[in-house]
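Peer 1: So the sequence lines, in the order shown, correspond to chains A and B. Under my numbering, the residues of the first sequence are numbered 2 to 472, in order. Under my numbering, the residues of the second sequence are numbered 544 to 926, in order.
Each hint should be verified, as a subset may be incorrect.
Unchecked claim - As a list, the in silico DSSO-like pairs of lysine-lysine whose alpha-carbon atoms are at most 27 angstroms apart:
id, chain 1, residue 1, chain 2, residue 2
1, B, Lys739, B, Lys762
2, A, Lys90, B, Lys819
3, B, Lys757, B, Lys713
4, A, Lys298, A, Lys446
5, A, Lys446, A, Lys327
6, A, Lys90, B, Lys813
No lab work stands behind these hints: they were computed from the structure.
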Amino acid sequence: MKTPLFWSLAVALPVSVAAAGYGYVEKPEPPAAEKDDGCASVPVDPALVNTNQTTGATYAEDEYPYYANTPDDMIPFRGVEPYYRYWTKRLPFRGPGRDYPDPPNLKSLKVGLLSPAPYGPEGARGARTKKGVVLAFEEANAARRPGQLPFEIIARDDAPLWGSAANIAVDFADNEVLGFLGTIDGDATHVALRATLKLETYMINTSDPDPTLTETQIPWLTRVFPDDRQQCFRLANLIVKQRDCKRIAILRESSRPGRVGVMHFINYIRRLGFPPVQHLFFKPGDKDITMQIDAIKAAEPDAVLFYGQPDDCGRFVKQLREAGLKRAQFFGFDRLQEASFKENAGAYAEGMTICYFFNPGRPNQVWQDFIARFQNRWGEKPDIYAAYGYDGAKLMLEAIDHAGPNRFRVRDYLAGLNEYDGVTGHMIFDGRWDNIVPITTAHFKDGAWHYDPLPELRRKPVSQTAQATPK
Amino acid sequence: MKTSIQSPTVLLGGMLLAGAFAAPCLGAAEAPPATFRDVPFPVIERFENFGQEHGIPHYKVHAVLKTSDGQLWIGTYNGLCQRQPDGTFKRYGPEDGLSHKMAMCLAEDTATGDLWVGTMRGLNRVSGGKITSYTQTSSGLPNNVVYGVDVVGENVWAATAAGTGAMNLKTGEWQIYDHNNSIMHEPWCYSVTHSKDKIFIGVWGGGIVEHDPKRGSFKEYRDPDGDFHYDLVPDDGPINDITSWVNWEDGVLWQSTYFGMSRYDGTGWKTWVEEKSPLLSNFVNFVWPLHRVGWIGSDKGLSVTDGTIWVNYEVGEHDEGIRTIHRPGQPPEVTQMSTALANGFVLGIYVDDDEAWFGTSHGLSRGIFAPYKKPATVAATQP
Numbered sequence: 002m003k004t005p006l007f008w009s010l011a012v013a014l015p016v017s018v019a020a021a022g023y024g025y026v027e028k029p030e031p032p033a034a035e036k037d038d039g040c041a042s043v044p045v046d047p048a049l050v051n052t053n054q055t056t057g058a059t060y061a062e063d064e065y066p067y068y069a070n071t072p073d074d075m076i077p078f079r080g081v082e083p084y085y086r087y088w089t090k091r092l093p094f095r096g097p098g099r100d101y102p103d104p105p106n107l108k109s110l111k112v113g114l115l116s117p118a119p120y121g122p123e124g125a126r127g128a129r130t131k132k133g134v135v136l137a138f139e140e141a142n143a144a145r146r147p148g149q150l151p152f153e154i155i156a157r158d159d160a161p162l163w164g165s166a167a168n169i170a171v172d173f174a175d176n177e178v179l180g181f182l183g184t185i186d187g188d189a190t191h192v193a194l195r196a197t198l199k200l201e202t203y204m205i206n207t208s209d210p211d212p213t214l215t216e217t218q219i220p221w222l223t224r225v226f227p228d229d230r231q232q233c234f235r236l237a238n239l240i241v242k243q244r245d246c247k248r249i250a251i252l253r254e255s256s257r258p259g260r261v262g263v264m265h266f267i268n269y270i271r272r273l274g275f276p277p278v279q280h281l282f283f284k285p286g287d288k289d290i291t292m293q294i295d296a297i298k299a300a301e302p303d304a305v306l307f308y309g310q311p312d313d314c315g316r317f318v319k320q321l322r323e324a325g326l327k328r329a330q331f332f333g334f335d336r337l338q339e340a341s342f343k344e345n346a347g348a349y350a351e352g353m354t355i356c357y358f359f360n361p362g363r364p365n366q367v368w369q370d371f372i373a374r375f376q377n378r379w380g381e382k383p384d385i386y387a388a389y390g391y392d393g394a395k396l397m398l399e400a401i402d403h404a405g406p407n408r409f410r411v412r413d414y415l416a417g418l419n420e421y422d423g424v425t426g427h428m429i430f431d432g433r434w435d436n437i438v439p440i441t442t443a444h445f446k447d448g449a450w451h452y453d454p455l456p457e458l459r460r461k462p463v464s465q466t467a468q469a470t471p472k
Numbered sequence: 544m545k546t547s548i549q550s551p552t553v554l555l556g557g558m559l560l561a562g563a564f565a566a567p568c569l570g571a572a573e574a575p576p577a578t579f580r581d582v583p584f585p586v587i588e589r590f591e592n593f594g595q596e597h598g599i600p601h602y603k604v605h606a607v608l609k610t611s612d613g614q615l616w617i618g619t620y621n622g623l624c625q626r627q628p629d630g631t632f633k634r635y636g637p638e639d640g641l642s643h644k645m646a647m648c649l650a651e652d653t654a655t656g657d658l659w660v661g662t663m664r665g666l667n668r669v670s671g672g673k674i675t676s677y678t679q680t681s682s683g684l685p686n687n688v689v690y691g692v693d694v695v696g697e698n699v700w701a702a703t704a705a706g707t708g709a710m711n712l713k714t715g716e717w718q719i720y721d722h723n724n725s726i727m728h729e730p731w732c733y734s735v736t737h738s739k740d741k742i743f744i745g746v747w748g749g750g751i752v753e754h755d756p757k758r759g760s761f762k763e764y765r766d767p768d769g770d771f772h773y774d775l776v777p778d779d780g781p782i783n784d785i786t787s788w789v790n791w792e793d794g795v796l797w798q799s800t801y802f803g804m805s806r807y808d809g810t811g812w813k814t815w816v817e818e819k820s821p822l823l824s825n826f827v828n829f830v831w832p833l834h835r836v837g838w839i840g841s842d843k844g845l846s847v848t849d850g851t852i853w854v855n856y857e858v859g860e861h862d863e864g865i866r867t868i869h870r871p872g873q874p875p876e877v878t879q880m881s882t883a884l885a886n887g888f889v890l891g892i893y894v895d896d897d898e899a900w901f902g903t904s905h906g907l908s909r910g911i912f913a914p915y916k917k918p919a920t921v922a923a924t925q926p
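Whole structure, please, built from the sequences with the hints as guidance.
Peer 2: See the structure below:
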């Protein structure tokens, strides 16, 4: 339910918001010099625009931006009204359970945490997520009043057993968790989500970027982590419309995350009139990609987009530059911000542009306080996975506190959220419960990442506490 | 594919039980009530509901199946149950050998009378009073979470969270089908069924996979729109790639999804979505076809259709039943019923010519048909 304040501001600002969005015709003014190398993405206010750019329709109170707030010129079949649109309204859960009695003899309020296998490609990120989650639980338990039950984490690691995440989701249900958190790997999250639907246990996903995850029409999932679709349309806008690139090559990991990660980028640049001149794969850990390099060089791209683990992409950036690909601009996704990218790319990381969530060095007080608390607890700075893990856990605990020990009421609380303020910033949830808040870009210059300012939200969060509005 | 009565012995048992449950079907000379005369399938006139007071161990009933010997089985959140002659239910749980308490799906091997039960942790065979379990670590089952099960000739098929597996009942050997060795776009399988010569697998994110075991070939049916945010045009293929259930009967393939319903008759597709058709809700959990009529269980009640006439059953605010008949070109005929489904969230369905059973999120329901003219069968038309 959007607040009256929200709508009064949204209605008052349609002209300025539309001008700032992606529906423009004119090329934007060059960015100011202080914005690093001048690549700031166009600001956009998702969910705060109450006009559908495609249809011109005004959203009703309970309607949500179409197509994850994708810019008008990147929407498929634009100009054609489809027979049926999904996710302009949220799917309700019509099942029973809200009035079921609380479980007897409760000693704690349990929440599951599904983490990646510790030795797999996502293991280190999962470990950092877990530190954020644990901190949230410790803080919440320290603040419990007498008579209140403590929160308890039921932690499980994904395993190499095929489809293990589904088995873990069942294990969570056997442990009578009130909800669960996780995970990073798209396959595992999908598998767990399917079980979640049958088990009727709410999942908050804190770090899976797979755009298809929330398109499954399962009203038992919120994702606090902006997904690859958000990165794709911002990268498409940046590469084609701001950098004026027309010959775009894609080099990505041969995996499901790689496939679905660039899927929408390919769609978007095609709709902008510039389909990829090459779309090539590599296997994780590949050392020799001579064939791909030769093919990319032959295509004479003016832009190359990388998707994969940062160490792989760093190595391939270096190899491509050393092979003589000098003029093409290089772009990538958020993971290239990790240290192993620049370690492998070396000096060739210079000039790289990626999408990123926000500036991790920003002076925002809430963020700085979180960094201090995290450092005090773990002796290290939090990264993006720890931060979204913390926010996801805080949100789940808030829902349980609000709803009591009842999975169905916990669901109602979480599925009713339109906005939320976490340490990672303001979140805006769309009709699929996806966080579609604007994200930013970062540029590697003089040996370090420089972040563009976040697009300014037209509506400022009322405070830095939760603004949950249950339906 | 649903099972049919095979042997005279079983037929006798089935007739006895059918007599005990006594649905008011008519002979050829009798006529159904005028209001239902143009409805070419049975209309439910009342519901009988069963819950924990009848021995059902949990609110939630996932699956229901009447086997060819007339026994009624239900899969619940807390065990497998068999209906007893006195109308109560006897539970079988992990302490009886069931691999997990949550029984999700049921199928009968009509050749042996064995019952196959898919659970959230393994597949089970109920045979001769004994339960035998098959799990991911003790057999070739692809994954422990079994959403769908079917018995086809010498094989039992299990649709799991990570691929579909087929166990040869003579050799015990397993064959696994997933995205590595089939056309399957994703390995996440929700249901499996069969026609005379084909296997159909309902895949989450992969539409429907058709497998010809004799040829070893695969074919897939996918939503041609290629995007989940919209349905570009109706009747162009499966309504969506996320299949929640698939069932085949009499040459017609039915697909339920959380985006609406689809039907394929071998020549063309028909799709239905809420608001643009009488379908109660896009969120469809299950479909049970009988005589080319789809019995559709959604989160908002039950829809029954032959593709032209629809009869919907909903639960009103005061737990009253609401039956709505939609006839082409006519205003809907709405009737308040004194009885209703146990709950509008329908998870499992079994229907035969005599009665209908529904597993819901809050209890089990039996649908009692208004008098109707039963479809002619080969046996009935023989001199």
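Peer 1: All hints are to be evaluated individually against the structure, with a verdict given for each.
Peer 2: Cross-check of the supplied hints:
1. B:Lys739 <-> B:Lys762: Given pair B:Lys739, B:Lys762 holds - Cα atoms ~16 angstroms apart, limit 27 angstroms.
2. A:Lys90 <-> B:Lys819: 16 angstroms, holds
3. B:Lys757 <-> B:Lys713: 18 angstroms, holds
4. A:Lys298 <-> A:Lys446: 24 angstroms, holds
5. A:Lys446 <-> A:Lys327: Holds, at about 17 angstroms.
6. A:Lys90 <-> B:Lys813: 24 angstroms, holds
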